[in-house]
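Protein chains in written order, with my numbering: chain A, 1 to 115; chain B, 1001 to 1114.
Note that these hints are calculated values from the structure, not bench results.
Heads up, a few of these hints could be off.
From the derived model, a few chain A residues whose C-beta atoms are all more than 10 Å from chain B [to be verified]:
| # | residue |
| --- | --- |
| 1 | Lys22 |
| 2 | Ser26 |
| 3 | Gln45 |
Here are the in silico distance ranges between beta carbons for each label pair [stated by the list, open to error]:
| # | chain 1 | residue 1 | chain 2 | residue 2 | range |
| --- | --- | --- | --- | --- | --- |
| 4 | A | Tyr61 | B | Ala1098 | 35 to 41 Å |
| 5 | B | Gly1016 | A | Val83 | 30 to 36 Å |
| 6 | A | Pro18 | B | Thr1013 | 44 to 50 Å |
C-beta atoms are modelled at their ideal positions from N, C-alpha and C, and glycine is treated no differently.
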Amino acid sequence: AQSVAQPEDQVNVAEGNPLTVKCTYSVSGNPYLFWYVQYPNRGLQFLLKYITGDNLVKGSYGFEAEFNKSQTSFHLKKPSALVSDSALYFCAVRDITEGFQKLVFGTGTRLLVSP
Amino acid sequence: DSGVTQTPKHLITATGQRVTLRCSPRSGDLSVYWYQQSLDQGLQFLIQYYNGEERAKGNILERFSAQQFPDLHSELNLSSLELGDSALYFCASSVEGAVYNEQFFGPGTRLTVL
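Produce the entire structure from the sequences given, and follow the hints as far as they go.
Pasting the structure below:
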C-alpha cells in the first residue's frame, strides 16, 4: 500500500521565520501528493497538490511544497510564518492498490508559531 | 466555510446503540467521502459515494453503513456502537469522483460512546 510519513509530531517556529513541515512518501509508480491543514474545531482544508509537472507547487495562504523524487519527499514550506498558521498539517497520498482510489493521510504535524 | 454541512455537531450515546450522521455536500458536488479521525487510528478513509452509487470502500466496519440519496446528501449509520467508535467523523465532497480533485471537508461530528 502507498503511505506517507510525517516524522515530526510538532514543529515550533517564531513568527516571521521560514517554516518547513516534512513529509516522505512510499509509493509504487508516480505519486499524487497532497497537503491539508486542520484548524482547531474545523474540518480539513486543502492547501496544495502535486500530480505532475513542476517540482515546486504553490498553494493557498502562501504555502508551497517541493516534490523531490530522489529523496521521496514532499515537504511543505512557507518563507515567513504567521501566528495564524498554527494548526495541524496532514500530508496525504493517493492509494490505488486496492482497486479504487483513496487518500491515505499521514499522522499529522502540529505547527506552533510563536509571536 | 467549506460549504459542506454536517449534523449533528456532537453526539453522545451508549454502547450498543445506533446513530445516524448526516452530510450535505457543497452545491454541485457529486462525490461524498466519509472519514474517521481518532487518536489511535489517525485519519482513516471509510467510504465514498459518487452520484448515489458507492465508488470506493475503505476501512469501514461491517457495523457501519452509508448511502447517498438522490438529492446528494449522505448518511453514515453506525450500529452496535462500541467505546472504540468514539471519534470525529468527517464528511468531504468534491466535484467529481477522482481522488485528486480537491476535497472540501465539513466541520465534523464528534461521537462519544459511553
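Checked hints:
| no. | hint | verdict |
| --- | --- | --- |
| 1 | Lys22 | holds, 17 Å |
| 2 | Ser26 | holds, 16 Å |
| 3 | Gln45 | violated, 7 Å |
| 4 | Tyr61/A x Ala1098/B: 35 to 41 Å | violated, 24 Å |
| 5 | Gly1016/B x Val83/A: 30 to 36 Å | violated, 45 Å |
| 6 | Pro18/A x Thr1013/B: 44 to 50 Å | holds, 46 Å |
Hint compliance for this structure: hints 3, 4 and 5 are not met, and every other hint is.
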